[in-house]
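Residue numbers (the working numbering), protein chains in the order written: chain A, 8 to 265; chain B, 87 to 358.
Keep in mind the hints are simulated off the structure, nothing from the lab.
Keep in mind that a hint or two might mislead.
[What the hints assert, rightly or not] Calculated pairs, SDA-like style, for lysine to any residue (alpha carbon to alpha carbon, straight line, at most 25 Å):
id, chain 1, residue 1, chain 2, residue 2
1, A, Lys237, B, Trp304
2, A, Lys18, A, Arg101
3, B, Lys314, A, Lys18
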Amino acid sequence: MSDKLTYITLKIWRQGGPDTPGQFEHHVIEEISEEASFLEMLDILNEQLIEAGKEAIVFDHDCREGICGTCSLMIDGKAHGPEKGTATCQLHMRKFSSGDTITVEPWRASAFPIIKDLMVDRAPLDRIVESGGFISAETGGAPDANLIPIPKPVADAAMDAAECIGCGACVAACPNGAANLFTGAKVTHLNLLPQGQAERYQRVEAMVETMDEYFGSCTNHGECEAACPKSISIDVIAVMNADYLKSKFKNRKKLSRT
Amino acid sequence: MSQTLRRGPVSGTAVGRGAKRKPFLLDFYSTAVGKKYVMAITGIIGIGFVVSHMIGNLKVYIGTVTEGGQEVYDIDVYGEFLRDLLVPILPRTVFLWLLRGVLIGAVLLHIHAAYGLTVMNRKARPVKYQSARDYEVANFASRTMRWTGIIVALFIIWHLADLTWGWANPDFVRGEVYRNLDASLSRIPVAILYVVANIALGIHLFHGTWSLFQSMGWNNPKFNQWRKGAAAGVATLVVVGNCSFPIMVQAGVIEFDPTVTSVHELHEEAAE
């Protein structure tokens with residue numbers, strides 16, 4: 008029923024730890040189902056490695072349905088591989104051909120140190136969210152649904168930004184290692200909504216400045232948008248930039264009073 | 087690399103760290119987004135200059151005009167006009183120097199911000215990808231901004247030495263724009279240099295003009311689809327206009343006629 012691919016050569020990055028040098032290692036997959044996802048292919052390879060008494064390849068994965076943002080991988084020079092708007096876990100082997108050599112590398116950025124092999128630490132993205140990527144809500148009785156009117160186009164735009172799963176493909180794909188698409192998505196998501204207004208300008212100021220501590224700067228190549236598994240538009244970066252300038256005026260007044 | 091397994095404190099607050107901040111402009115400029123605003127604003131000043139410079143130069147095609155009963159080159163008269171800007175209000179050349187001051191400041195800030203951002207970007211990825219990257223949308227213009235920028239900066243120095251100060255132009259006569267232009271661009275290597283430098287400028291302007299909309303936060307579905315077109319338009323306008331001068335000098339369309347009165351003679355006569 009399902010066709011099989013044969014003789015896939017994998018050129019995979021192996022690295023023992025954060026501070027040890029790494030190198031590419033070649034593995035040949037004799038036969039793999041077209042229906043296998045890229046991660047399943049790696050699972051099968053790992054089983055073979057374990058059976059042969061070798062160390063399995065370490066890579067990030069969790070939900071495997073494209074919504075958690077845990078999987079990564081630079082596949083043939085593209086973050087999350089050749090499929091547009093698709094995370095690595097949703098990339099299937101039918102997108103490749105028999106006899107292909109596939110190069111797999113971890114995300115590379117000073118903010119994303121390699122833990123082992125293909126697994127990187129993406130904690131700086133959490134630092135950005137902690138600095139403002141939330142709304143502060145009073146506890147108490149749950150408010151009635153739809154109590155706050157939100158125009159449909161605004162809800163849609165906020166939802167488009169909220170699609171960000173925080174995988175870090177934008178940073179990985181960016182020639183400058185910038186996280187502007189991630190931060191822009193988080194800022195835009197909350198700053199468009201009525202619930203986000205109270206902390207709107209503190210949020211953007213804090214998040215942009217936290218981002219600065221870890222990442223590069225945006226030069227508007229647009230690679231992040233092309234790599235994003237959720238196809239988030241770089242429009243969110245412009246929204247963040249506009250709000251950041253405004254925050255400098257608004258928060259100035261606030262600071263002068265304290 | 088040692089930050090791997092060390093987690094920072096969970097702050098849980100959107101309030102910035104401490105109220106002590108640098109003065110407004112320095113505070114803003116210290117962040118990458120702030121520097122990008124500076125890049126965009128100084129870029130707009132640069133685009134404004136480059137476009138008006140090109141339009142002013144088109145006066146060479148008008149050739150000669152009759153002023154005070156004498157035949158003079160229109161572009162020479164325009165050169166004098168620039169020095170005489172706002173003359174009854176300010177002394178001669180003062181306003182021109184103010185404009186030049188803004189321009190020099192803009193260029194210096196543009197370079198300083200670009201340098202700071204480049205250093206930051208290099209630090210953000212100290213270990214490059216070990217396999218070939220496959221760029222999807224980053225184009226030649228966006229990826230060569232640093233190089234086209236350096237070419238344009240070096241060209242500006244040459245251009246000033248050639249047609250403002252006259253060091254690089256043996257037949258230079260101060261104030262005689264048409265004569266100097268012809269003398270300089272009649273040299274084939276110089277003509278080629280001007281064409282090459284202007285193509286580099288055009289490539290720089292193409293990405294810069296599009297990019298500034300994003301950096302300035304000018305994003306609206308009403309005009310977003312026009313941004314790339316506007317960038318291509320500005321770049322094409324400047325390249326075609328500026329490259330026409332060396333080509334037309336080489337083709338003999340622009341040729342200095344020594345019998346035409348120089349603006350200096352005209353002014354001396356007027357003074358008498």
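Any hints this thing doesn't respect? Which numbers, in order? 3
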